[in-house]
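J.: On the provided structure of chain A, position chain B as indicated by the hints.
Chains as they are written, first to last, in the numbering used here: chain A, 1 to 114; chain B, 115 to 228.
Since the hints were derived computationally from the structure, they do not count as laboratory data.
Note that the structure is a prediction, hence the values are computed from the model and not measured.
You can take every hint at face value.
Listed next, the stretches of chain B that the computed footprint assigns to chain A, with coverage defined by at least 3 CB atoms under 8 Å from CB atoms of chain A:
1. 150-159
2. 199-208
3. 216-222
Below are the EDC-like pairs computed for lysine to aspartate or glutamate, each with C-alpha atoms no more than 20 Å apart in a straight line:
4. B/K163 <-> B/D199
5. B/K223 <-> B/D199
6. B/K220 <-> A/E85
7. B/K223 <-> A/E44
8. A/K57 <-> A/E68
9. A/K11 <-> A/D24
10. A/K57 <-> A/E20
11. B/K220 <-> A/E44
12. B/K192 <-> B/E178
By construction, the Cβ of each residue, glycine as well, lies at the ideal position given by its N, Cα and C atoms.
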Amino acid sequence: GAGVSQSPSNKVTEKGKDVELRCDPISGHTALYWYRQSLGQGLEFLIYFQGNSAPDKSGLPSDRFSAERTGGSVSTLTIQRTQQEDSAVYLCASSPLTGYNGYTFGSGTRLTVV
Amino acid sequence: AQSVSQHNHHVILSEAASLELGCNYSYGGTVNLFWYVQYPGQHLQLLLKYFSGDPLVKGIKGFEAEFIKSKFSFNLRKPSVQWSDTAEYFCAVYSGAGSYQLTFGKGTKLSVIP
Chain A
1 GAGVSQSPSN KVTEKGKDVE LRCDPISGHT ALYWYRQSLG QGLEFLIYFQ GNSAPDKSGL
61 PSDRFSAERT GGSVSTLTIQ RTQQEDSAVY LCASSPLTGY NGYTFGSGTR LTVV
Chain B
115 AQSVSQHNHH VILSEAASLE LGCNYSYGGT VNLFWYVQYP GQHLQLLLKY FSGDPLVKGI
175 KGFEAEFIKS KFSFNLRKPS VQWSDTAEYF CAVYSGAGSY QLTFGKGTKL SVIP
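Looking at chain A on its own, in the form it has when it is part of the complex (with noise of 0.2 Å):
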């Protein structure tokens, strides 16, 4: 596509319920990453997907937080028993193939756990 596109835009959950983030890169676009944003904590860093290779799961914060990426192209970030403190917006980016000429972001995901 033209963009990186997420969904949703928003999701509203109960804590402890699971839930799924989209995010489908732009074509062609072999590297994805997936940040989250919280109020006045910047960019987190969760996941780097490249290609086929194994991905960098460093940044996620605990065992709760998984993702795949199908097919080299659309990922999914999954959060299980969600809580409070999960709360932020989530957001995908995907460069060509490395970060050398910067990302291009997706609109993100507002996750509020309630």
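T.: Just chain B now, kept in the frame of chain A:
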């Protein structure tokens, strides 16, 4: 690991005032440098970038940034801000050393008072 520091968390200016937002990074080798902007309710978008050559780079909307290698700095400037510049600004660095990702600063929120 490399790091990026943005010294100002929140800057408040009147319209027509001059702007300078500080950004310092820790990596001593070759870097690519970026400034991203996030307008209220919008996604992160690239403002300007530096790869090599003239250390003074110009971006969109009258913004510019100067790379000073000896100071490990890439400060963002604008001679005269407008109310529409109200946004959050993020500095980012790519070094390609040990990581193929961008490292982001925590962001600076700019509020311009009409």
